[in-house]
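K.L.:
Sequence:
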Amino acid sequence: MRWRMRRCATVLAIVALAGGTAWAQGPSAFVDVPPWHWAFEAVQQGATAGIFSGYPTDDSELVANALVQVYEAFAHAGHPGAQGWAEWFLTNTPSQWPQPLQRSRLLTFALEDVRVRVSGDRAGATFVAAVIVGTDGGRSTLRSPVQAQAEKDGSGHWRIDYTALAAGQPQIFR
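Just so you know, the sequence shown maps onto residues -24 to -1, 1 to 150 in mature numbering (1 follows the signal peptide of the UniProt record, and there is no 0).
In case anyone wonders, no lab produced these hints; they're calculated from the structure. C-beta atoms are modelled at their ideal positions from N, C-alpha and C, and glycine is treated no differently. There's no promise every hint is true.
[What the hints assert, rightly or not] Restraint ranges, calculated between C-beta atoms of paired labels, are given here:
no., residue 1, residue 2, range
1, GLN123, ILE27, 33 to 43 Å
2, THR139, ILE27, 36 to 46 Å
3, ALA18, GLY96, 31 to 41 Å
Could you put the whole structure together from the sequences, leaning on the hints where they help?
P.N.:
Laid out in C-alpha coordinates, this is it:
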(Lines of atoms letter the chains of each structure in order from A and count residues from 1; the text may use other names and numbers.)
(Lines give C-alpha, C1' and ligand atoms only; values in the text may rest on other atoms or scores of the structure.)
Protein backbone atom coordinates (compact mmCIF):
# COMPACT_ATOMS: atom_id res chain seq x y z
CA MET A 1 0.00 0.00 0.00
CA ARG A 2 2.80 2.44 0.89
CA TRP A 3 4.56 1.57 -2.33
CA ARG A 4 1.44 2.53 -4.32
CA MET A 5 1.08 5.82 -2.46
CA ARG A 6 4.76 6.62 -2.98
CA ARG A 7 4.49 5.76 -6.68
CA CYS A 8 1.34 7.86 -7.04
CA ALA A 9 3.03 10.82 -5.32
CA THR A 10 6.06 10.46 -7.59
CA VAL A 11 3.92 10.35 -10.73
CA LEU A 12 1.94 13.40 -9.63
CA ALA A 13 5.15 15.30 -8.88
CA ILE A 14 6.54 14.45 -12.31
CA VAL A 15 3.30 15.50 -14.00
CA ALA A 16 3.23 18.79 -12.08
CA LEU A 17 6.87 19.50 -12.90
CA ALA A 18 6.43 18.61 -16.55
CA GLY A 19 3.25 20.64 -16.79
CA GLY A 20 5.02 23.69 -15.39
CA THR A 21 7.84 23.43 -17.89
CA ALA A 22 5.67 22.58 -20.89
CA TRP A 23 4.64 26.17 -21.59
CA ALA A 24 8.25 27.36 -21.43
CA GLN A 25 8.95 25.01 -24.35
CA GLY A 26 5.90 26.22 -26.30
CA PRO A 27 2.36 24.94 -26.56
CA SER A 28 1.74 21.23 -26.70
CA ALA A 29 0.08 19.46 -29.59
CA PHE A 30 -3.13 21.11 -28.39
CA VAL A 31 -2.69 24.37 -30.28
CA ASP A 32 -6.29 25.33 -29.66
CA VAL A 33 -6.05 25.48 -25.85
CA PRO A 34 -4.53 28.86 -24.91
CA PRO A 35 -3.04 29.50 -21.45
CA TRP A 36 -6.13 31.41 -20.22
CA HIS A 37 -8.46 28.51 -21.02
CA TRP A 38 -9.92 26.87 -17.91
CA ALA A 39 -8.61 23.44 -19.00
CA PHE A 40 -5.10 24.55 -20.05
CA GLU A 41 -3.15 23.10 -17.11
CA ALA A 42 -5.08 19.83 -17.10
CA VAL A 43 -4.59 19.41 -20.86
CA GLN A 44 -0.86 20.15 -20.58
CA GLN A 45 -0.44 17.73 -17.68
CA GLY A 46 -2.46 14.99 -19.32
CA ALA A 47 -0.55 15.30 -22.58
CA THR A 48 2.82 15.42 -20.82
CA ALA A 49 1.92 12.32 -18.81
CA GLY A 50 0.92 10.52 -22.00
CA ILE A 51 -2.67 10.10 -20.85
CA PHE A 52 -3.90 11.51 -24.14
CA SER A 53 -2.48 13.10 -27.25
CA GLY A 54 -3.65 15.55 -29.85
CA TYR A 55 -4.46 14.49 -33.34
CA PRO A 56 -2.83 15.90 -36.45
CA THR A 57 -5.04 17.95 -38.72
CA ASP A 58 -4.43 19.03 -42.28
CA ASP A 59 -2.46 22.16 -43.07
CA SER A 60 -5.48 24.27 -43.99
CA GLU A 61 -7.06 23.56 -40.58
CA LEU A 62 -3.79 24.38 -38.82
CA VAL A 63 -3.53 27.71 -40.68
CA ALA A 64 -7.14 28.58 -39.78
CA ASN A 65 -6.45 27.63 -36.16
CA ALA A 66 -3.33 29.82 -36.09
CA LEU A 67 -5.46 32.78 -37.20
CA VAL A 68 -7.97 32.13 -34.43
CA GLN A 69 -5.21 31.82 -31.83
CA VAL A 70 -3.68 35.19 -32.82
CA TYR A 71 -7.07 36.85 -32.35
CA GLU A 72 -7.48 34.94 -29.05
CA ALA A 73 -4.19 36.36 -27.79
CA PHE A 74 -5.25 39.92 -28.70
CA ALA A 75 -8.64 39.38 -27.03
CA HIS A 76 -6.83 38.25 -23.85
CA ALA A 77 -3.94 40.70 -24.00
CA GLY A 78 -3.99 41.24 -20.23
CA HIS A 79 -3.24 37.58 -19.50
CA PRO A 80 0.39 36.80 -18.60
CA GLY A 81 0.55 34.11 -21.30
CA ALA A 82 -0.90 36.23 -24.13
CA GLN A 83 2.42 37.53 -25.46
CA GLY A 84 4.04 34.10 -25.66
CA TRP A 85 0.88 32.63 -27.18
CA ALA A 86 0.74 35.35 -29.86
CA GLU A 87 4.45 34.96 -30.63
CA TRP A 88 3.99 31.21 -31.05
CA PHE A 89 1.59 31.87 -33.94
CA LEU A 90 3.10 35.02 -35.50
CA THR A 91 5.99 35.93 -37.76
CA ASN A 92 7.21 39.36 -38.88
CA THR A 93 6.14 41.17 -35.73
CA PRO A 94 6.93 44.90 -35.78
CA SER A 95 10.02 46.34 -34.12
CA GLN A 96 7.84 47.91 -31.42
CA TRP A 97 6.43 44.49 -30.44
CA PRO A 98 4.76 43.75 -27.95
CA GLN A 99 3.20 47.24 -27.74
CA PRO A 100 0.50 46.42 -30.33
CA LEU A 101 -0.61 43.50 -28.18
CA GLN A 102 -0.48 45.58 -24.99
CA ARG A 103 -2.64 48.28 -26.64
CA SER A 104 -5.23 45.74 -27.78
CA ARG A 105 -8.82 46.66 -27.06
CA LEU A 106 -10.27 43.58 -28.74
CA LEU A 107 -13.16 42.25 -26.66
CA THR A 108 -14.70 39.54 -28.85
CA PHE A 109 -14.30 38.28 -32.38
CA ALA A 110 -15.62 35.87 -34.98
CA LEU A 111 -13.74 34.86 -38.11
CA GLU A 112 -16.29 34.16 -40.81
CA ASP A 113 -16.04 32.52 -44.21
CA VAL A 114 -12.43 31.43 -43.66
CA ARG A 115 -10.86 30.11 -46.86
CA VAL A 116 -7.31 28.77 -46.84
CA ARG A 117 -5.14 27.87 -49.82
CA VAL A 118 -1.94 25.96 -49.04
CA SER A 119 0.97 25.68 -51.44
CA GLY A 120 3.96 23.90 -49.94
CA ASP A 121 5.21 25.82 -46.91
CA ARG A 122 3.12 28.92 -47.67
CA ALA A 123 -0.56 29.62 -47.33
CA GLY A 124 -2.99 32.40 -47.98
CA ALA A 125 -6.23 32.91 -46.09
CA THR A 126 -9.19 35.17 -46.69
CA PHE A 127 -11.89 35.78 -44.12
CA VAL A 128 -14.20 38.36 -42.65
CA ALA A 129 -13.26 39.44 -39.14
CA ALA A 130 -16.24 40.59 -37.09
CA VAL A 131 -14.88 42.17 -33.93
CA ILE A 132 -16.02 44.21 -30.97
CA VAL A 133 -13.42 46.59 -29.60
CA GLY A 134 -13.47 48.71 -26.48
CA THR A 135 -13.53 52.45 -27.04
CA ASP A 136 -13.29 55.39 -24.68
CA GLY A 137 -17.05 55.74 -24.97
CA GLY A 138 -17.98 52.06 -24.80
CA ARG A 139 -17.78 49.53 -27.62
CA SER A 140 -17.56 49.52 -31.37
CA THR A 141 -18.41 46.72 -33.79
CA LEU A 142 -16.28 46.32 -36.91
CA ARG A 143 -16.42 43.95 -39.88
CA SER A 144 -13.42 43.78 -42.16
CA PRO A 145 -12.41 41.52 -45.03
CA VAL A 146 -8.86 40.34 -44.34
CA GLN A 147 -6.25 38.59 -46.46
CA ALA A 148 -3.58 36.89 -44.39
CA GLN A 149 -0.40 35.05 -45.24
CA ALA A 150 1.13 32.16 -43.33
CA GLU A 151 4.31 30.15 -43.54
CA LYS A 152 5.34 26.81 -42.12
CA ASP A 153 8.59 26.90 -40.16
CA GLY A 154 11.22 24.17 -40.05
CA SER A 155 9.38 22.30 -37.30
CA GLY A 156 6.13 22.14 -39.29
CA HIS A 157 4.45 24.89 -37.27
CA TRP A 158 2.25 27.42 -39.12
CA ARG A 159 2.83 31.10 -38.33
CA ILE A 160 0.72 34.05 -39.47
CA ASP A 161 2.44 37.08 -41.04
CA TYR A 162 1.71 39.99 -38.70
CA THR A 163 2.17 42.64 -41.39
CA ALA A 164 -0.66 41.15 -43.47
CA LEU A 165 -2.99 41.15 -40.45
CA ALA A 166 -2.09 44.75 -39.63
CA ALA A 167 -2.80 45.79 -43.22
CA GLY A 168 -6.19 44.05 -43.15
CA GLN A 169 -7.33 45.20 -39.73
CA PRO A 170 -5.15 48.08 -38.49
CA GLN A 171 -7.65 49.01 -35.76
CA ILE A 172 -6.82 45.70 -34.01
CA PHE A 173 -3.18 45.15 -34.94
CA ARG A 174 -1.93 48.74 -34.64
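K.L.:
Determine for every hint whether it applies to the structure shown.
P.N.:
Hints and how they fare:
1. GLN123 to ILE27: 33 to 43 Å: holds, 40 Å
2. THR139 to ILE27: 36 to 46 Å: holds, 40 Å
3. ALA18 to GLY96: 31 to 41 Å: holds, 36 Å
Of the hints listed earlier, there is not a single one the structure fails to meet.
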